[in-house]
Amino acid sequence: MTSTSDRRVVITGIGVIAPGGLGTKAFWELLTAGRTATRSLSFFDATPFRSRVAAEADFDPVAEGLSPQEVRRMDRAAQMAVVCTREALADSGFEVADPTRVGVSVGTAVGATMSLEEEYVVVSDGGRNWLTDHRYATPHLYDYLVPSSFAREVAWSVGAEGPATVVSTGCTSGLDSVGHARELIREGSADVMIAGATDAPISPITVACFDAIKATTARNDDPTHASRPFDNSRDGFVLGEGSAMFVLEELEHARRRGAQIYAELVGFASRSNAFHMTGLRPDGREMAEAIRVALADARLPGDAVDYINAHGSGTKQNDRHETAAFKRSLGDHAYRTPVSSIKSMIGHSLGAIGSIEIAASALAIKHGAVPPTANLHERDPECDLDYVPLTAREQQTDVVLSVGSGFGGFQSAMLLARVA
Amino acid sequence: MTTVVTGVGVAAPNGLGRDAFWAATVAGVGGIGPISRFDSSGYPAQLAGEVPGYEAADHIPSRLMAQTDHMTRLSLTAAQWALADASVDPSALPEFGMGVVTASASGGFEFGHRELEKLWSKGSEHVSAYQSFAWFYAVNTGQISIRHGMRGPTGVLVTEQAGGLDAVAQARRQVRKGVQLVMTGGVDASLCPWGWTAQLANGLLSTGRDPATAFLPFDANASGYVPGEGGAILVLEDEHAAARRGAAVYGVIAGYGATFDPRPGSGRPPGLRRAAEMAVSDAGLTPADIDVVFADGAGVAQLDRVEAEAITAVFGPRGVPVTAPKTMTGRLYSGGAALDLVSALLSIRHGVIPPTTNIRQPAEGLHLDLVRDVARETPVRAALVLARGYGGFNAAMVVTDERNGR
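Residue numbers (numbering that gives the first Met the number 0), protein chains in the order written: chain A, 0 to 419; chain B, 0 to 405.
Certain hints may be false.
Below, simulated DSBU-like cross-link-like pairs (lysine-lysine); rule was C-alpha separation at most 35 Å, straight line [said to hold, decoys possible]:
#, chain 1, residue 1, chain 2, residue 2
1, B, K117, A, K315
2, A, K326, B, K176
3, A, K326, B, K117
4, A, K326, B, K121
5, A, K213, B, K176
6, A, K365, B, K176
Hints listed in this document are in silico derivations from the structure and should not be mistaken for laboratory results. All of these numbers come straight from a predicted model, not from anything done at the bench.
When you get a sec, could you build the whole thing from the sequences and use the hints?
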């Protein structure tokens, strides 16, 4: 492939499904109002579990226009990705002319885990039988086994025939899938990528696995204030769900058709801490390296960053790790830059959240406002940056850094910039 | 920038380790047999390709045993062998200059099965503290990076059976951007009752009982595929970096293409031919330069026909030797194409094309020069590997010997 790194990649359409609101408009209203969408877990009886708070999306696939067969065929995560794709396409006004120049990149951390568990319960007769009974399985079970089916569903919904893939790097999937799509456009493998991420992990096995390592909050008596990034009283993240999908286009392709442009994806990098599958080194070295490489990729100095959309999961170790990484990579500028975590409002939707945070970052540029960190009343003394507590802030925002950190040791950084 | 392969590690149903695998593959010795890991008597399909003679405790530190699925152990072992094969000491390389990009199809499914059983039969407090990552699709990349101190770019791609090539292509992108060394490939396994139930749902598994006739790509009696476990991990480096340290080179990752099939009912042509043409062109070659095609070999009549027509469209009728040595291993999901890539590199090194075993009656109307029964000795300078992932994913990769590389 020829080197075509002068090709620039822009966001021309956004679709979002998040807790607290369906659609990009409702999503942005929730964020700028500083409202929280966390609540007592309602999808199943959570009584036996340690953490019983969740950020659930009020998503009904039938009401969103999926056909009965699409609903049966797709896991909830795939349904959300397809509905978001429709919104993003409509938003961008893009219509496929040459399917071979349109690709797909969908991030997910845990794939069809909800449908897999529902099917497991049936074929194992409630866990009674190790030898699961295939005669009770849905014919769509293979699509749940291999999450590549998510990329297929999005490709079918768009009519894309370019490169298609699922990117699954745990909780950085939603940044990495968009980073991957950006790379494919830059190298010339596609002119348009339908990219983003989705996860619907609110199922007993997921709740149980985070219970086992106390990664999720136990603030069950106060669910609407349970996600408390950077606050001294934080005690873990709130499991969430959702999706964000984008139409990404090569800049000239977008300009030729007079498309609206939210922002350019100007830099991206991922690094690995090679330290621990779930633990983080307190010094933030690898995330800082990802930020530095992303800045170099964008040919921007650190002090160009106007706003940091943080990973801010609300676990003790993450928020300190990340704070250290911002200082390490941006120096004193870290203290002058607003940093916020939208997970305080919509929880942590694992692989999806990186794309949802890219959506928030693009909207911050478009609307000239940065969302707040809800529930932040008393800062952790080790978290001493400006985390935009409680209320959104209007400010000219031209360059946004959005970061993610996940199990496996993955650290990713994406830079978005206003297109002049 | 030229990206070369300097090390390979193999865990295959017909051989644990590169040499055992290649000896069996060239000799036409298969590794498909009755499933031994669970009682398959109640299932319509009962054959699989299981990796033989693998004692995890011989290869995996005890502290990792409780937190790893079988497929992660196989991948860690293959990664270690690949590094040894490349004569690389990761601790001597810059930590941010080494990356890991693997493919996955179904994650650590057997691990997940055990934890689901604990949850539903005993209660949530019995679920392992390792469940949060031991089953997920990113686990092999994470564990390999941790074990070898690789802090550079990471990635995990899921395109079912096409993933083995897509991951290597992504690894090549990283090398081209200046990353010194990238571990890549794919290893999969989901040979547990729950994984088997899920695989049966695609309706493509062979219900044959005889390992010699159950999986017959391009044969008139093709009746589905036999799943297997395992795969391969490769070490990719920039050609100059490899030369500086005097590394032995298997070959060059010279070309790649990926497409997705049109949605059903569109009337548009399938995308495999386009992927193959893109890969050949990306390598700076023409079809006449390709000495062998390693086929995807679905073992399903309709899919075999689509693939044969794509090969014929690019190379002409019987225009190039074609082989599908996966008749000896079964289909290994994300490990399948990574293993085929290793076979292609070994074909280049040894000047021999491994056979497609067990084919007795080639399907009518497929105009392929299929290398059947016995290996064919012939110089191989460039090989095309094809792979397809369930649902419409197509990938193609060209590997060449060093002289042919750009």
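Quick rundown of the hints versus the structure:
no.: 1; hint: K117(B) <-> K315(A); in the structure: holds, 29 Å
no.: 2; hint: K326(A) <-> K176(B); in the structure: holds, 27 Å
no.: 3; hint: K326(A) <-> K117(B); in the structure: violated, 43 Å
no.: 4; hint: K326(A) <-> K121(B); in the structure: violated, 46 Å
no.: 5; hint: K213(A) <-> K176(B); in the structure: violated, 39 Å
no.: 6; hint: K365(A) <-> K176(B); in the structure: holds, 31 Å
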